[in-house]
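Protein chains: 2
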Amino acid sequence: MVISVKLLEGKKVAQALDETMAKRVESLKEKGITPGLAVVLVGDNSASAVYVRNKQRRAEKLGINFQLIRFEESVTEQELLAKIDELNNDSAIDGFLVQLPLPDHIDEDKVNEAISPNKDVDGFTPISVGNLWIGTPMTKPATASGILMMLDHYNVDLDGKNVVIIGRSNIVGKPTAALMLERNATVTITHSHTKNLKEITSKADVLVVAIGRAKFITQDYVKDQAIVIDVGMDRDENGKLCGDVDFDDVKDKTSMITPVPGGVGPMTITALVDQVIELAEGRING
Amino acid sequence: MVISVKLLEGKKVAQALDETMAKRVESLKEKGITPGLAVVLVGDNSASAVYVRNKQRRAEKLGINFQLIRFEESVTEQELLAKIDELNNDSAIDGFLVQLPLPDHIDEDKVNEAISPNKDVDGFTPISVGNLWIGTPMTKPATASGILMMLDHYNVDLDGKNVVIIGRSNIVGKPTAALMLERNATVTITHSHTKNLKEITSKADVLVVAIGRAKFITQDYVKDQAIVIDVGMDRDENGKLCGDVDFDDVKDKTSMITPVPGGVGPMTITALVDQVIELAEGRING
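As they're listed, the protein sequences go chains B and U. Residue numbers 0 to 285, in numbering that gives the first Met the number 0, belong to the letters of the first sequence in order. Residue numbers 0 to 285, in numbering that gives the first Met the number 0, belong to the letters of the second sequence in order.
Same shape as in the complex, but just chain B:
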């Protein structure tokens, strides 16, 4: 028996999309437009610094004008809001984000709400979230959007599929639900209070796992021939990078599965950069 499992290789998809995106940037530059992305980074959280550096590298590689705006941990809320106001009005910047977490003395909600929805590349402001659920998204949260871009690349049609999402975060679970519902999937959102998780997940044509628990999902959670998407970035008992899904245990039962690393992760930055380019393309039509 030949088992045919298709890896959803986000890393390769991202590389393929990079070529198209680089061409889009080139074409914009011919029209005198350079897409601009700014990231505001407060303090010196080392994880945040890594995330920002990855965004910067990818953006610059594609010819996007990247601005890193750093503040000391001691920055006041007022100073931060003033900078956001400046970025909202800076015509060279198509989109920007404030890297979270922020120091305790700064109100994250207030900062978030100050970002113009037209430039909200993270898609986390109330207006952006509202438009996403209403079905008229302006910008989309990058991880959710990256998952959809990856599935599109592999021609997965979500229409009428039973999608089960584990995890209801505002960053991943909920926006993924919104986007998949928009693609006409039947969507179930499960979480820590869900009582019969295994029974529910084992009915899923598409299973999205975003809970942050190493190798939590084993094959008894998975339907035969399911598509499994692992958003987790955990460490196993040997300190090795792994996902929320026990890949080796699950993979032969699936039709498609994302590896970790190299699955959803690289698609997140792809989606972010794609969004910046799209916003810049929007300048042409005003």
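Treat the hints as calculated values from the structure; they're not laboratory data. A few of these clues could be false.
Any copy, or any two copies together, can satisfy a pair, since identical chains are not distinguished.
Using 30 Å as the maximum straight-line C-alpha spacing, the simulated DSS-like pairs for lysine-lysine come out as follows [claimed, not checked]:
| id | residue 1 | residue 2 |
| --- | --- | --- |
| 1 | K5 | K60 |
| 2 | K194 | K222 |
| 3 | K222 | K60 |
| 4 | K5 | K22 |
| 5 | K252 | K197 |
| 6 | K22 | K109 |
| 7 | K194 | K11 |
| 8 | K109 | K82 |
| 9 | K11 | K222 |
| 10 | K222 | K5 |
| 11 | K197 | K222 |
| 12 | K202 | K28 |
| 13 | K109 | K11 |
| 14 | K5 | K109 |
| 15 | K30 | K60 |
We have chain B already, so just place chain U on it with the hints.
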């Protein structure tokens, strides 16, 4: 065998809540605050006129200052937006809504987005929808909120329950999903593209039906001892008012079920009026 089905009698719940709400209004008036609700009605759609009259009657009965603002069908978008701006800044008005549908020459989205989220009693603006999904609701869509108020009245705990919603409208299905998720239910959203509807609904501890098809849900769709909530307002083959659920066929299989009429319907206006009072109470703390 005694079959014990409990009717979820929205009409009676609404009457009971009216007493409490009237007291809250009284207590506000003692502090010099009269809750104010305005409704903007364009043209002479007869269904809209009935909805507005029902809101007016209920609001006035509770001592709320109700303002009906009527425009001719020919009103311009600009005139309408000017009125919204006025209401946004009118300190006597705690909340208002623009009754839909609007004439074709007016952009509903634009009108909707002009409403201040602090006064958006319908909860349909992007900011309100976003805050609802983020988990920090300012106002909540009335039908969804009314369903929750009714379940609370009957002490139904949604935590860990499997909730299945049929219908994904922005007015009912999606906001109900958001509120029930916030109550720690496991939520599945189904719709016209769902392929195995019966299989899914027959696993639901709580089934919410909002599809607008007379008596569509028969007992084979329903789990034993389920709670069934019928948002439909349809006409049966004899022109008699009925719901999306075939009440007589289903009721003995459920533990609780809403009748139509007298179930969800009366709760919708209750939730709207409750919201206006809550917004007025907010004036005390600024």
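Task: Hints breached by this structure - done: 3, 6, 7, 12, 13 and 14
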